[in-house]
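So the chains spell out like this:
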Amino acid sequence: MELRRPSYFALAALLDGPLHGYGIMKRAAELSDGEVRLSTGTLYAALERAMNESLVIAGDPYVVAGRERRDYQLTPAGRAALEEEADRLAKAARRVQGRLANAHRPELA
Amino acid sequence: MTHRERIARALLRTYPAHTRASLGAEMAGTVLDSSDASHRMFARECSALVVAGVRARARGSASEKVLGQLVDGYVLAGQIWLGLLLSYGTAQLLRNPVQGLGGGLVFVLVLWPILGISLIGARRTGGTAATTWIVCLILIAAPTPLKVAVTWLLPLTSCLAMATCQQNGRRDLRRLVWLAPVAIMSLLPQSRELALGTAQIDGLILGSAVAVAIFPINPRLLVACAVVWTVIGLMSAVPDHGQQSVPLLALSAPLLLLATTSRLALARRRARL
Numbered sequence: 055m056e057l058r059r060p061s062y063f064a065l066a067a068l069l070d071g072p073l074h075g076y077g078i079m080k081r082a083a084e085l086s087d088g089e090v091r092l093s094t095g096t097l098y099a100a101l102e103r104a105m106n107e108s109l110v111i112a113g114d115p116y117v118v119a120g121r122e123r124r125d126y127q128l129t130p131a132g133r134a135a136l137e138e139e140a141d142r143l144a145k146a147a148r149r150v151q152g153r154l155a156n157a158h159r160p161e162l163a
Numbered sequence: 133m134t135h136r137e138r139i140a141r142a143l144l145r146t147y148p149a150h151t152r153a154s155l156g157a158e159m160a161g162t163v164l165d166s167s168d169a170s171h172r173m174f175a176r177e178c179s180a181l182v183v184a185g186v187r188a189r190a191r192g193s194a195s196e197k198v199l200g201q202l203v204d205g206y207v208l209a210g211q212i213w214l215g216l217l218l219s220y221g222t223a224q225l226l227r228n229p230v231q232g233l234g235g236g237l238v239f240v241l242v243l244w245p246i247l248g249i250s251l252i253g254a255r256r257t258g259g260t261a262a263t264t265w266i267v268c269l270i271l272i273a274a275p276t277p278l279k280v281a282v283t284w285l286l287p288l289t290s291c292l293a294m295a296t297c298q299q300n301g302r303r304d305l306r307r308l309v310w311l312a313p314v315a316i317m318s319l320l321p322q323s324r325e326l327a328l329g330t331a332q333i334d335g336l337i338l339g340s341a342v343a344v345a346i347f348p349i350n351p352r353l354l355v356a357c358a359v360v361w362t363v364i365g366l367m368s369a370v371p372d373h374g375q376q377s378v379p380l381l382a383l384s385a386p387l388l389l390l391a392t393t394s395r396l397a398l399a400r401r402r403a404r405l
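Protein chains in written order, with my numbering: chain A, 55 to 163; chain B, 133 to 405.
Simulated from the structure, these hints should not be mistaken for laboratory data.
Some clues are possibly wrong.
Sample of chain A residues with no beta-carbon within 10 Å of chain B, all distances over it, derived [what the hints assert, rightly or not]: (1) 56; (2) 58; (3) 69; (4) 85; (5) 87; (6) 90; (7) 136; (8) 143; (9) 153.
Calculated cross-link-like contacts (lysine to any residue; reagent style SDA-like; alpha-carbon spacing at most 25 Å) [claimed, not checked]: (10) A:80 to A:136; (11) A:80 to B:165; (12) A:80 to B:136.
Quick reminder that beta carbons are idealized off the backbone N, C-alpha and C, glycines included.
Isolated chain B, as found in the complex (with noise of 0.2 Å):
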């Protein structure tokens, strides 16, 4: 394989993985037929073809069911708060391992394996021992399981979901890596914030920024992010959690994922005209 043919198959990957499997070796092919003696039109010939992939993947996105796309946004939410929570737990016994040894150890050694089978396409048992943990959390919060319940609810019917809603996905341990950017907020020095710390909200601003950027190819990060940030306002909201109140973000969030639901609703009409 020379290295434009590398280059170009490379580039494919924006399309859709149906178009790749069925075009894909041909449109290579023709990149490099259309381009064979000019550099300046193998680069024209390269970015034409990542505008044309990013415009399928938003055709096909767009065409897809709003409900079935809000219901993997909300998956997606309960990995993401599982991957936060982690962080946080692990940084927190990094931090004091000594007071950590009690519930701190126990709540990361049974986070990390439930955030891992879930990432690798074990979506079902993942969410089943997700869910089970949380209700666990919630049995023994005591005196004040309510408080707690109204704080979890959103994690925990995300999570239900993931365990009843979605097939089990096809094996696939390079989805692994996904847990490095957990490891690495562990890692960075924080302060508490928002019932979180600073690494985890500033890891979620950066995945919100990320999400409303790749919106029109994948609204399900957007849908995700905007979940988790209602429950942190929730969160934030409840005095046993937060330092701080913010009933502005609680409320904020909710209209977000309103407006994205809209959003999704209408690109779905577009494409059908």
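Next up, chain A with everything else stripped away, as it sits in the complex (with noise of 0.2 Å):
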């Protein structure tokens, strides 16, 4: 299964433990050396997509400051997903930077 963009960094940055929706969208921040801000929008969007594929699981809802949050879990699918996601990745980078070494650079007039 191929993750979105949006959805691998909000799945990556529950590898740590579980986090709150604002968490979520700044470890994202941070993994991704802030090329990923996620709205609330896609943040939610993503996370309701991952709980209907059982890759995260919502705890219960708490009160901090007036405001509600939920605690999301990555679950051993989810992180599964995450690995083959990740693997992915890593090999289409491989072979593209091993093309990038072979190939001859064209000269610059």
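Need the complex rebuilt from these two chains, each delivered in its own frame; the hints are there to steer you.
Structure (structure tokens):
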């Protein structure tokens, strides 16, 4: 199963343990060196899909400073999907890097 | 509740009801968490929320059964048709109250409560009443009951579908607000056009434009508009009812309905992939 970029980093954010929505957004931004900045809409769409496919489970809601939160946790299936996607991306990167190393550099006029 | 929280909760209405119920409060909290200090971030979050909400609705709509959506659209067509007739009848009555005291007053007095009942959620009751009313209308329309029956076939089956195929919804008096456009169309100046008044036809054109715009998230309105245009086309093609014969309209509306159905089936197949 191919994961989209937001879903990939949202799931990767949960590798170190359960996080709430805003926590996932911050961690995903750190993991991607600021390249992926999840909005609330994108994040919850990705979480809803992941929950439907049992890649993530949601904990019970709790309230902090008047705002409702819920912690999300990666399931074994979610971890496996993440590993599969990371392998796929790594293989694709290695293949291109190999071609780049062997290919002749075009000479600039 | 803060001003920003109110805005976030209002924008969450773009999401389907079940998502709002399960994740709404948490999503509003996350919007506030992620944009605490910045107006720009809050604006970005709000726009992204609307886009994601519309997409969620589109996904939900595409995964529903095509037949169910067609039946819903067909039932909605019955309500729209009753609304247009009611508006036209009321306009005629207001313009010429003395002449309208005969059949026109009864027509209007019966239709307002029927439409009101079906709008607030008592669809079976409203559908049964509307079906009975149309049957009576056909029976008393001698000497050409067959011609009347042909033009009333679609509204009759649509009201019958309302009475039989749909569950009574949760009672919600707020839906009576949909009587406001009917009342407004009644008050607008108008002349007769395509078997109804100009205000009703303009209202239907506006409604059809909205239906095309919201088709990806709710195809029912477009199905309903296509059915209503078909009814108007048929009525206009019958000389007793229309001033002009409009066979092109009668032909194009079913084609539009067919195109809508195909588009629905395609959207559903894509949603499965």
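Looking at residue 58 of chain A again, its CB stays over 10 Å from all of chain B? About 13 Å separates residue 58 of chain A from the closest Cβ of chain B, which puts it past 10 Å; holds.
Was residue 90 of chain A rightly flagged as not at the interface, with every chain B Cβ beyond 10 Å? Non-interface label on residue 90 of chain A holds, nearest chain B Cβ at 13 Å vs cutoff 10 Å.
Least C-beta distance between residue 69 of chain A and chain B, which was stated to exceed 10 Å: Since the minimum Cβ distance to chain B is about 20 Å, residue 69 of chain A lies beyond 10 Å and the statement holds.
Distance restraint between residue 80 of chain A and residue 136 of chain B, which requires alpha-carbon spacing of 25 Å or less: Judged against 25 Å, a Cα distance of about 21 Å means the pair holds.
Within 25 Å, alpha carbon to alpha carbon, are residue 80 of chain A and residue 165 of chain B? holds (11 Å)
Could you let me know if the closest chain B CB is still more than 10 Å away from the CB of residue 153 of chain A? holds (31 Å)
Given the proposed pairing of residue 80 of chain A with residue 136 of chain A, does the C-alpha separation stay at or below 25 Å? holds (19 Å)
Chain B versus residue 87 of chain A - minimum CB to CB distance exceeding 10 Å, so not interface: holds (18 Å)
Does the claim that residue 136 of chain A lies off the interface hold, with its Cβ farther than 10 Å from every Cβ of chain B? Holds, because the least Cβ-Cβ distance between residue 136 of chain A and chain B comes to about 22 Å, which exceeds 10 Å.
Please check whether the beta-carbon of residue 85 of chain A is more than 10 Å away from every beta-carbon in chain B. Holds: least Cβ distance 16 Å, greater than 10 Å.
No chain B beta carbon within 10 Å of residue 143 of chain A's: With a cut-off of 10 Å, residue 143 of chain A remains clear of chain B, as the shortest Cβ separation is near 22 Å.
For residue 56 of chain A, is the shortest beta carbon distance to chain B beyond 10 Å? holds (13 Å)
Checked against the numbered hints above, the structure violates none of them.
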